[in-house]
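S.K.: Listed here are the chains, written in short residue letters.
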Amino acid sequence: MMVSLAIIGVVMAGAYQLFIEGMQLFRVNQAAGDAQIAVTKASGVITTELANAAPELTRHYGPPYVPGGGGGGGGGGGTPPGLVFATPLDKDGKVRYDEVNGRLYWQRYVAYYFEPDPEVGGYNGKIYRAETDVPGEPGDPGGTGNRDITNIVGPFLIANSTAYFAGLPQRRTIANGISGLYVQPYDANPEFGITAVKEAYDIHIEAGDAKKAFRNSYFIRVRVRVAPGAR
Amino acid sequence: MRNSRQGHSLLEVIVATGIFVMVAVALAGVWVMYGRALAKSGEVVAANTVARSVTEGLSANGWTWLKAREGDTFPTDLDPVTVERVVRGRKADITYQVSYELTFNTGNVLFPVSFTNGAGEPVTFSPDLCNITVFVRWRSSGGGKATGSDDYNSEAVYSAYVYRHGL
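If you read the sequences in order, they're chains A and B.
Mapping the first sequence onto my numbering, position 196 (from 1) lands on 183, and the numbers just tick up by one.
Mapping the second sequence onto my numbering, position 55 (from 1) lands on 127, and the numbers just tick up by one.
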């Protein structure tokens, strides 16, 4: 009887430990899955849309990424980190161009920006997308978009940062569980010893628990590089 | 007749315990497999991101830079790329070995199949086309056999065509 109870006790203790470890593994896996989805979704959406933009009509905000900086950054007060650019695609994904000289009509101003988790130590920040229409041309009633980069589209992008778009009434959540977003121009010099001919951006996206505040947490940081209007 | 108050023998307890332990360990193995599969998928996602990013960087360097590499020996290694990852408070970074290969369309090598136009004349494509292929290799925590002598057991490949006047 005593021997049987001892064996069962040992087995139950082992089973309990196994169960606890299993639950922890499950939670880590769940956190990893969420983080990977968030990073994949955010990077895919941003790079796909940015590839249709023009380098001269793209502006970025926020501090640069510092290797070994500890992560969980890019947020804070002031201008939200992110990108603002003009896109030639309308809401249906169609492009309009001048049939005489091929110049594009810029249809919409688009912004992707990051808002950190308001909770201290939390990592449920969000990447939002907001947009507003480019005003049409005066001599083009009913037409959409504007070809005037010098006087209309360019100056608007210089004057309005991500903060302007964060104040717009309508925005769409692109990804949850984001802990940092950094956007900076691609610097070809360290690796290739040259200045890149084409302007490109390095976008660092962090998802998960960058501060290692929670025991069963997961964190990943990936860098995506995209050249607006690349090909 | 068997005494109804007899209970279980020690042997029965040990056998039952053994079966229980085997089932529990087998079930725990499912969790581990799930974790490995998820880790592997994360590595593949990051590898594809690295490969695509390197391709974008190479094309951003411009046609002149690409063309100057024409005589190089490929694949050419680049600096390794480390993707930072933390699992349960411990660093679990993934280091990717990155290399690239450039193939220019000299002598129509990129299009070995012959094309003809409406008049039946052979069509050759511009020599100002370049195929950029980026190879990203790493040692996966998900296991798997090494593909070469350097112990890398996983690889992602990304390929893109660039045109001189499109850059």
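Errors might be hidden in some of the hints.
[Claimed, not checked] As a list, the in silico EDC-like pairs of lysine to aspartate or glutamate whose alpha-carbon atoms are at most 20 Å apart:
hint, chain 1, residue 1, chain 2, residue 2
1, A, 28, B, 156
2, B, 112, B, 227
3, A, 198, B, 227
4, A, 199, B, 165
5, A, 199, A, 104
[Said to hold, decoys possible] Only some residues are given here: those of chain B computed to face chain A with a beta carbon under 8 Å:
hint, residue
6, 129
7, 148
8, 155
9, 159
Rather than coming from a laboratory, the hints here were simulated on the basis of the structure.
Cβ coordinates follow ideal geometry from the N, Cα and C atoms, glycine included.
S.K.: Hint by hint, note whether the structure agrees.
M.R.: Structure-based check of each hint:
For the hint linking residue 28/A to residue 156/B, the alpha-carbon distance of about 18 Å falls within 20 Å, and the restraint holds. About 12 Å separates the Cα atoms of residue 112/B and residue 227/B, which keeps this hinted pair within 20 Å; it holds. At most 20 Å may separate the alpha-carbon atoms for a hinted pair to count; residue 198/A and residue 227/B exceed this at roughly 31 Å. At most 20 Å may separate the alpha-carbon atoms for a hinted pair to count; residue 199/A and residue 165/B meet this at roughly 14 Å.
Between residue 199/A and residue 104/A the alpha-carbon distance is near 15 Å, which keeps this suggested pair within the 20 Å criterion. Interface hint status for residue 129/B: upheld, as the beta-carbon distance to the closest one in chain A is roughly 5 Å, under 8 Å. Look at residue 148/B: its Cβ only gets to about 11 Å from chain A, farther than 8 Å, so that hint breaks. Given hint, residue 155/B at the interface with chain A, holds; its Cβ is 6 Å from that chain's nearest Cβ, closer than 8 Å.
The criterion of a C-beta within 8 Å of any C-beta in chain A is met by residue 159/B, whose closest approach is roughly 6 Å, and the hint holds.
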